[in-house]
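Peer 1: Residues per chain, in single letters:
There are 2 protein chains.
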Amino acid sequence: MEAKGQGTAEKYAADISSIREAQLRIGPFIHRTPVVSSETLDAIAGRKLLFKCECFQKGGSFKFRGACNAVFSLDDDQAAKGVVTHSSGNYAAALSLAAKLRGIPGYIIIPKNAPKCKVENVKRYGGRVIWSESNLRSREDTATKVLQETGAVLLHPYNDGRTISGQGTISLELLEQAPQLDAIIVPISGGGLISGVALAAKSINPAIRVLAAEPMGANDAAQSKAAGRIITLPETNTIADGLRAFLGDLTCIFALSIFILGDVLAFYQSRPIVRDLVDDMIIVEDKAIVEAMRLCYEILKVVVEPSGAIGLAAVLSDDFRNNPAWKDCSNIGIVLSGGNVDLDVLWDSFRK
Amino acid sequence: MEAKGQGTAEKYAADISSIREAQLRIGPFIHRTPVVSSETLDAIAGRKLLFKCECFQKGGSFKFRGACNAVFSLDDDQAAKGVVTHSSGNYAAALSLAAKLRGIPGYIIIPKNAPKCKVENVKRYGGRVIWSESNLRSREDTATKVLQETGAVLLHPYNDGRTISGQGTISLELLEQAPQLDAIIVPISGGGLISGVALAAKSINPAIRVLAAEPMGANDAAQSKAAGRIITLPETNTIADGLRAFLGDLTCIFALSIFILGDVLAFYQSRPIVRDLVDDMIIVEDKAIVEAMRLCYEILKVVVEPSGAIGLAAVLSDDFRNNPAWKDCSNIGIVLSGGNVDLDVLWDSFRK
Chain A
1 MEAKGQGTAE KYAADISSIR EAQLRIGPFI HRTPVVSSET LDAIAGRKLL FKCECFQKGG
61 SFKFRGACNA VFSLDDDQAA KGVVTHSSGN YAAALSLAAK LRGIPGYIII PKNAPKCKVE
121 NVKRYGGRVI WSESNLRSRE DTATKVLQET GAVLLHPYND GRTISGQGTI SLELLEQAPQ
181 LDAIIVPISG GGLISGVALA AKSINPAIRV LAAEPMGAND AAQSKAAGRI ITLPETNTIA
241 DGLRAFLGDL TCIFALSIFI LGDVLAFYQS RPIVRDLVDD MIIVEDKAIV EAMRLCYEIL
301 KVVVEPSGAI GLAAVLSDDF RNNPAWKDCS NIGIVLSGGN VDLDVLWDSF RK
Chain B
1 MEAKGQGTAE KYAADISSIR EAQLRIGPFI HRTPVVSSET LDAIAGRKLL FKCECFQKGG
61 SFKFRGACNA VFSLDDDQAA KGVVTHSSGN YAAALSLAAK LRGIPGYIII PKNAPKCKVE
121 NVKRYGGRVI WSESNLRSRE DTATKVLQET GAVLLHPYND GRTISGQGTI SLELLEQAPQ
181 LDAIIVPISG GGLISGVALA AKSINPAIRV LAAEPMGAND AAQSKAAGRI ITLPETNTIA
241 DGLRAFLGDL TCIFALSIFI LGDVLAFYQS RPIVRDLVDD MIIVEDKAIV EAMRLCYEIL
301 KVVVEPSGAI GLAAVLSDDF RNNPAWKDCS NIGIVLSGGN VDLDVLWDSF RK
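Quick note, the sequences are listed as chains A and B, same order. Residues in the first sequence are numbered from 1 upward in steps of one, following the UniProt record's numbering. Residues in the second sequence are numbered from 1 upward in steps of one, following the UniProt record's numbering.
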């Protein structure tokens, strides 16, 4: 029951067609990740929970879907000189692997304070690590320099239609594996994941609801929604290191860009996927994220990073449980987005 | 290409028919567990590894398959008064859950030194915990007392054809999910798991090889094989708490029972599944088990208990790598048998 031809392609940076194309393009390279469940967790949550295990994806997170789609969307001339991104996280490893599979260089600009296991992942997949300071300015300056020196293509971790289309393939698989879902809960950070998931899921089943889970210490999406414009925070403070990015203009709540086109001043109203397609946002404290992570270990037997556990934390929160809007949601899909975590760091968080 | 009618039913306590019946019987209750893989681990091992995730099974281990088949094989009269077993481990939780699903009491005799998380599992699934001392004598005496008081049926954790048939369903799934396998590696303890896996796998594909992985500190199976009779050890010493049992007469290398039938002294030659169908045994040190467990966490993102990780440890061992007999095995199935582990205990083992 697919709602085709709704004209989402004109409205947004991706649509069900681009997501289906992505599925064909990346199919040979990605894992079709399993969906697992636990009656014990169902009893705790008071509903049936179905966990889409993107922590088992290549590179250890969903990011490989988008990176793979972006890299294999390039024509040979574009691709030849390689790709570059700046990321301290899972996109860095994902792009390294995608570049390796395409046989082109992957230049990864990494801030000096990045988690050790994520840097190791980049190296494991053959990415060329280029260090920067941890502030955004240094990262962008370093990227500009690398672009000039190499002629490589800059790929954005989330604010890119090809990336969003790749992430959307999660919903294509999930709704085949669990067609009975009433709702899907997805971590929100830059918005690439939730944009792809929402576009595909609502195209297949317009009645399905999509919820964003966001950490209290990096709740720019919720603030942006409330303000009706993109809010960026002066600093973020959360254990969920994968959820510290801010929404982009393609994924966002609202954005108006002004730029020069030839000699004309042009206005460009971006396509607010998150505003249009995300039904609600649930804010979660770090303590609840750690507790959810422990449940994933002890009951599901799945290793997730803090960002990956936030969907479960959201479903177990009082905000969600007590909201009458979600009372009739009896089958909930939860995207366990990634599993890249330093065991030492994890352990310290459990012992606190 | 199933080798039917080979008469295994007459030879052994289970066969492909009883395993297929078990699959139908337990199908509505068990998880069809996923198979996961990692190119990083493939590169380390020098072969394609396919991991059957029984740690995601209900109750956290494969034991639920056998327990469920045994409990649902009982007729109503037999079942009415409940079931009893003595186990400190995963079978205890598995039987509790199976009894709960059938709506009958499950009496579980547990030694006082059992791991905390495994006792919690029993309680979680509604098992009635009855404490005993940790020695076998006290466990058996307590069981006898409970049987007399309740009229319940005693079920053995592994030395039972119904249990073996249930465990065999792993191979039916695995060879559908990964028909290309050349070999399957299975932890060995009491032998119920490997017996079921070997019977089913070799019936479906007679060319497939089945290997046992056993910890150095509880290597009774290897010693039994060498001696040509069942060896029990005065004590065991391994981190793999699930692998401390000894082979039974149904699963074993060799056994001859003598008993009174009417007024005749009868001899009963048991059916040595392990001797006949297990191609080789690989002995693994605890250090290698801990290292394999870490790889499961860091790369596969799967939580396994020490017993569950031993198959990976075996594949990575020099004994396996340097043995010309396994050189041509390029697709290897590894049964990750369980994931019930106290996180504190685990962490201490990583830090040693």
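Source of the hints: derived by calculation from the structure; they are not laboratory data. It is possible that some hints are incorrect.
[What the hints assert, rightly or not] Here are the simulated DSS-like cross-link-like pairs (lysine-lysine), alpha carbons at most 27 Å apart as the crow flies:
id, chain 1, residue 1, chain 2, residue 2
1, A, Lys-100, B, Lys-287
2, B, Lys-287, A, Lys-287
3, A, Lys-327, A, Lys-116
4, B, Lys-112, B, Lys-123
5, A, Lys-48, B, Lys-287
6, A, Lys-116, B, Lys-352
7, B, Lys-287, A, Lys-116
8, A, Lys-327, A, Lys-352
[Claimed, not checked] DEER-style ranges, computed between Cβ atoms:
id, chain 1, residue 1, chain 2, residue 2, range
9, B, Asp-75, A, Asn-331, 30 to 38 Å
10, A, Ile-44, B, Arg-32, 50 to 58 Å
11, A, Val-345, B, Arg-321, 41 to 49 Å
12, A, Lys-123, B, Pro-206, 29 to 37 Å
13, A, Asp-279, B, Thr-144, 33 to 41 Å
14, A, Asp-279, B, Arg-32, 46 to 54 Å
15, A, Asn-322, B, Lys-100, 25 to 33 Å
16, B, Val-129, A, Asp-342, 32 to 40 Å
[Claimed, not checked] Which chain A residues stay away from chain B? Per the calculated CB distances, all over 10 Å, these:
id, residue
17, His-31
18, Pro-34
19, Gly-82
20, Gly-151
21, Gly-217
22, Pro-324
Glycine included, every Cβ here is placed at the ideal spot set by N, Cα and C.
Peer 1: Below or equal to 27 Å on CA atoms is what counts here, so check B:Lys-287 against A:Lys-287.
Peer 2: violated, 34 Å
Peer 1: Within 41 to 49 Å: is that where the Cβ-Cβ distance between A:Val-345 and B:Arg-321 falls?
Peer 2: At roughly 33 Å between Cβ atoms, B:Arg-321 and A:Val-345 fall outside 41 to 49 Å, so the hint is violated.
Peer 1: Can we confirm that no CB of chain B comes within 10 Å of the CB of A:Pro-34?
Peer 2: Its Cβ does come within 10 Å of chain B, the nearest being 3 Å, so this is violated.
Peer 1: Would the pair A:Lys-116 and B:Lys-352 pass a check requiring their Cα atoms to be no farther apart than 27 Å?
Peer 2: holds, 21 Å
Peer 1: Taking the closest pair, is the beta carbon of A:His-31 still more than 10 Å from chain B?
Peer 2: violated, 8 Å
Peer 1: Is 33 to 41 Å respected by the C-beta to C-beta distance linking A:Asp-279 and B:Thr-144?
Peer 2: Given range 33 to 41 Å: violated, Cβ gap about 60 Å.
Peer 1: Take the C-alpha atoms of B:Lys-287 and A:Lys-116, compute the straight-line distance between them, and say whether it is at most 27 Å.
Peer 2: holds, 24 Å
Peer 1: Regarding B:Asp-75 and A:Asn-331, is the given constraint of 30 to 38 Å on their beta-carbon distance met?
Peer 2: holds, 36 Å
Peer 1: With a cut-off of 27 Å on the C-alpha distance, tell me whether B:Lys-112 and B:Lys-123 pass.
Peer 2: Within the cut-off at roughly 15 Å; holds.
Peer 1: Should the hint that A:Lys-123 and B:Pro-206 are 29 to 37 Å apart at their CB atoms be regarded as holding?
Peer 2: At roughly 44 Å between Cβ atoms, B:Pro-206 and A:Lys-123 fall outside 29 to 37 Å, so the hint is violated.
Peer 1: Determine whether the Cβ-Cβ distance between A:Asn-322 and B:Lys-100 falls within the hinted range of 25 to 33 Å.
Peer 2: With a Cβ separation near 30 Å, A:Asn-322 and B:Lys-100 satisfy 25 to 33 Å, so the hint holds.
Peer 1: Is A:Lys-327 close enough to A:Lys-116, meaning Cα to Cα at most 27 Å?
Peer 2: violated, 41 Å
In terms of the numbered hints stated before, the structure departs from hints 1, 2, 3, 5, 8, 10, 11, 12, 13, 14, 17, 18, listed from lowest to highest.
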